[in-house]
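Visitor: Keeping the supplied structure of chain A fixed, place chains B and C with the ligands upon it in accordance with the hints.
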Amino acid sequence: MTSNIVEIDNLSFGYNGRVLHKGINMAFPKGKVVAIMGGSGSGKTTLLRLIGGQVKPTKGEVRVNGQVVHEQSRDGIYQLRRSMGMLFQHGALFTDLSVFDNVAFPMRELTDLPESMIRDLVLLKLNAVGLRGAYKFMPTELSGGMARRVALARAVALDPSIIMYDEPFAGLDPISMGVICGLIRSLNDALGATSIIVSHDVKETFLIADYVYFVANGEVAAEGTPEDLMQSTLPFVHQFVHGEKDGPVPFHYAAPDYRAQLLG
Amino acid sequence: MINIIVNMVSRLLRGIGSRMIARVWRLGAGTRLFMLAIVYSGESFRRFHLTLREVYFTGVMSLLIIIVSAFFVGMVLALQGYNTLQKYGSSEAIGVLVALALVRELGPVVTALLFAGRAGTAITAEIGLMKTTEQLSAMEMMAVNPIARVVAPRFWAGVISMPILAALFSMVGVLGGYLVAVPLIGVDDGAFWSQMQANVDVRADIINGVIKSVVFGVACTMIALFEGFDAPPTAEGVSHATTRTVVISSLTVLGLDFVLTSFMLVV
Amino acid sequence: MDRTKIDLWVGVFVALGAAALLGLAMKVGNLTSSKIGDTYSVSASFENIGGLKPNAPVKSAGVVVGRVADISFDSKTYEAVVTIKIDKRYQFPKDTFANIYTAGLLGEQYIGLEAGGEDDVLKTGDKISQTQDAIVLEKMISQFLYNKASETDKEKSAAPATSEPAKEKSTELGDAPF
Ligand SMILES: Nc1ncnc2c1ncn2[C@@H]1O[C@H](COP(=O)(O)OP(=O)(O)OP(=O)(O)O)[C@@H](O)[C@H]1O
Ligand SMILES: [Mg+2]
Numbered sequence: 002m003t004s005n006i007v008e009i010d011n012l013s014f015g016y017n018g019r020v021l022h023k024g025i026n027m028a029f030p031k032g033k034v035v036a037i038m039g040g041s042g043s044g045k046t047t048l049l050r051l052i053g054g055q056v057k058p059t060k061g062e063v064r065v066n067g068q069v070v071h072e073q074s075r076d077g078i079y080q081l082r083r084s085m086g087m088l089f090q091h092g093a094l095f096t097d098l099s100v101f102d103n104v105a106f107p108m109r110e111l112t113d114l115p116e117s118m119i120r121d122l123v124l125l126k127l128n129a130v131g132l133r134g135a136y137k138f139m140p141t142e143l144s145g146g147m148a149r150r151v152a153l154a155r156a157v158a159l160d161p162s163i164i165m166y167d168e169p170f171a172g173l174d175p176i177s178m179g180v181i182c183g184l185i186r187s188l189n190d191a192l193g194a195t196s197i198i199v200s201h202d203v204k205e206t207f208l209i210a211d212y213v214y215f216v217a218n219g220e221v222a223a224e225g226t227p228e229d230l231m232q233s234t235l236p237f238v239h240q241f242v243h244g245e246k247d248g249p250v251p252f253h254y255a256a257p258d259y260r261a262q263l264l265g
Numbered sequence: 487m488i489n490i491i492v493n494m495v496s497r498l499l500r501g502i503g504s505r506m507i508a509r510v511w512r513l514g515a516g517t518r519l520f521m522l523a524i525v526y527s528g529e530s531f532r533r534f535h536l537t538l539r540e541v542y543f544t545g546v547m548s549l550l551i552i553i554v555s556a557f558f559v560g561m562v563l564a565l566q567g568y569n570t571l572q573k574y575g576s577s578e579a580i581g582v583l584v585a586l587a588l589v590r591e592l593g594p595v596v597t598a599l600l601f602a603g604r605a606g607t608a609i610t611a612e613i614g615l616m617k618t619t620e621q622l623s624a625m626e627m628m629a630v631n632p633i634a635r636v637v638a639p640r641f642w643a644g645v646i647s648m649p650i651l652a653a654l655f656s657m658v659g660v661l662g663g664y665l666v667a668v669p670l671i672g673v674d675d676g677a678f679w680s681q682m683q684a685n686v687d688v689r690a691d692i693i694n695g696v697i698k699s700v701v702f703g704v705a706c707t708m709i710a711l712f713e714g715f716d717a718p719p720t721a722e723g724v725s726h727a728t729t730r731t732v733v734i735s736s737l738t739v740l741g742l743d744f745v746l747t748s749f750m751l752v753v
Numbered sequence: 162m163d164r165t166k167i168d169l170w171v172g173v174f175v176a177l178g179a180a181a182l183l184g185l186a187m188k189v190g191n192l193t194s195s196k197i198g199d200t201y202s203v204s205a206s207f208e209n210i211g212g213l214k215p216n217a218p219v220k221s222a223g224v225v226v227g228r229v230a231d232i233s234f235d236s237k238t239y240e241a242v243v244t245i246k247i248d249k250r251y252q253f254p255k256d257t258f259a260n261i262y263t264a265g266l267l268g269e270q271y272i273g274l275e276a277g278g279e280d281d282v283l284k285t286g287d288k289i290s291q292t293q294d295a296i297v298l299e300k301m302i303s304q305f306l307y308n309k310a311s312e313t314d315k316e317k318s319a320a321p322a323t324s325e326p327a328k329e330k331s332t333e334l335g336d337a338p339f
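Chains as they are written, first to last, in our numbering: chain A, 2 to 265; chain B, 487 to 753; chain C, 162 to 339.
Check each hint, because a few of them may be wrong.
To be verified - Going by beta-carbon spacing under 10 Å, a handful of chain A positions derived as facing chain B:
1. 54
2. 55
3. 97
4. 106
To be verified - Label-pair ranges, simulated between beta-carbon atoms:
5. B:721 to A:102: 20 to 28 Å
6. C:242 to B:751: 24 to 32 Å
7. B:604 to C:172: 14 to 22 Å
Note that these hints are calculated values from the structure, not bench results. Beta carbons are placed, not taken as given, at the ideal position from N, Cα and C, and that holds for glycine.
Extracted from the complex, chain A is given alone in its bound form (with noise of 0.2 Å):
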């Protein structure tokens, strides 16, 4: 048994019977940086719900160290969560505290730490986003990638052993590219941690990540080290890896034909 610390196994998902996935499999290491990539709407953010138990599969499980998820009470859930971070695509960063007080808040909820450590480990924190100097900020004070910088630095706050990444490069700037980038790399390597990467960059996602896989069509459509799918002559591979617009994945949404709607 290799040590997984997640596993997917044959999950299916649909919001209100809409189905969104159809039995996918995957595997993530201890220790490894995993990447998920996929269209806008392939159910990403989704599965990253799933594996925080914040939704329940339809059919399949996810497991965390070992652990059905859904099967948890909500205790055991809380206890699961316990051990995971996660970057909200949107930051979601509470609005009446401020910068300080938001990355606090996982510390002083969950921990007994005096207040004179929960500063120190704040600034620190802060300081490894860059952001040490905006601390006394209101989240509305921030732009939209500072905003994501202080919910990076918050959802590693207690060094968890599961961080989950959702689209953790969108909206910074290429010099905070490259820092967040190897952040996370060296957050992972350092914590022993299992980080899963939701993400659409390409370029930065197959820099860091040791695994990758493509989701299309509710199912995993391709998988392997970065090396291997940029070598791949899938053509579905070759279109995302390469931005092509025309190729097996569609670039519309599911959609009666444009001309006899627009005629109709």
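Guide: Leaving out everything else, chains B and C with the ligands in the frame of chain A:
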């Protein structure tokens, strides 16, 4: 022809039925939230500053509107009361009238209505927006229970604030009535207070008023919290939820007031 | 928002609320007036107490000197037994007179004490023997109408009625046992 009528009637009945089911569902879901808020309220007492913070936002921030309204309500009561009482030659009873009206009814009820408009809408909008911007999801993913961390402190803050606001309303209202009755109209100062004291009972009037305001506090806060929690995560959803908070709270307060009053008068 | 500032404001808020509640109880309600220091209790029997209620004032020369503590019915004498609590500061002779009066024409009823002339004073457990019942308005009116009727009968038989009814009413009331 008959077909069409049957169709229309059945559609109407189905519409009413589904609305009723939706209402009953909301009532059940609201009650569940209430129970959970009670179950998970340990946190809001162990870390009392969380609750104090909410007392600040619901209670302290409502002070101004409560005091100003109470003052005017008291003054109007005195004017109207004098106008009528004076016809029967008992204008000294004006103090009794003002005090009883405020302590028994207007204090708790008007405070609750103002509370729903001032603090209730703020609670609903805040929680609705926290849901829309995934803050509640984020909290859950951090293994922090939003009911313990967000709902319970706000609930207790509302329950604490409402009786305080209602007592202030009644007292300020009486002072407003005094100002109109004694210096302005010229009712005897001593008669104003002594008649009031002879006829306002601490248990039957004042304590019952406090009991009413506690019940209203529970109802108004819980409705505001539930509407926020249940709001669809969109701008439109939150705005509808805010409106519903005011409408449902007001109707609930008036209905509960009738029930409570009839209990208190009988028992 | 600073935590100390919040604490301060909430403190002010709670203090205001407590003050308001206290004000309501003391100034608006009867918490102060119903508790008059040390008291001694005496009882008095009445044939009819009308609408007298517990907690009604006991006055002497218009000054409140006590409160009605308890009202019960004596099934032997078929009389109402009223227990009143009088402030220790006020002493009354044993032959004091207790009347039930009405404040105004329709107002609430209270007990009026009229001091007698004895040297011995009332003590706890004593009984006031000289009492006068409440005036029951319905009784008075029916009595008045009855008198009136018999009077007009007499007048009719003697001479035609000339006097105005209003005038007669006032004299009649004047004779009533107030
Ligand atoms: N709460 C929800 N209720 C109903 N449908 C939803 C909900 N959340 C997402 N969906 C639907 O599920 C699909 C996948 O959503 P998801 O957020 O997982 O996509 P994604 O892969 O993260 O896309 P993106 O790259 O744009 O973030 C979308 O088509 C969306 O319409
Ligand atoms: Mg997404």
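Visitor: Could you run down the list of hints and mark each one as holding or not?
Guide: Now for the hints, and whether the structure bears them out:
The beta carbon of residue 54 of chain A is positioned within 10 Å of a beta carbon in chain B (closest approach about 9 Å), and the interface hint is therefore held. Annotation: residue 55 of chain A was flagged as interfacial toward chain B, and the flag holds, the nearest CB pair being 6 Å apart, inside 10 Å. Annotation: interface hint on residue 97 of chain A holds; nearest CB of chain B at approximately 8 Å, less than 10 Å. At its closest, the beta carbon of residue 106 of chain A sits 7 Å from a beta carbon of chain B; the interface hint therefore holds under the 10 Å criterion.
For residue 721 of chain B and residue 102 of chain A, the Cβ-Cβ distance of about 26 Å falls inside the hinted range of 20 to 28 Å, so the restraint holds. Range check, residue 242 of chain C to residue 751 of chain B: Cβ separation about 29 Å, and the 24 to 32 Å hint holds. Checking the proposed 14 to 22 Å range against residue 604 of chain B and residue 172 of chain C shows it holds: the Cβ atoms sit about 21 Å from each other.
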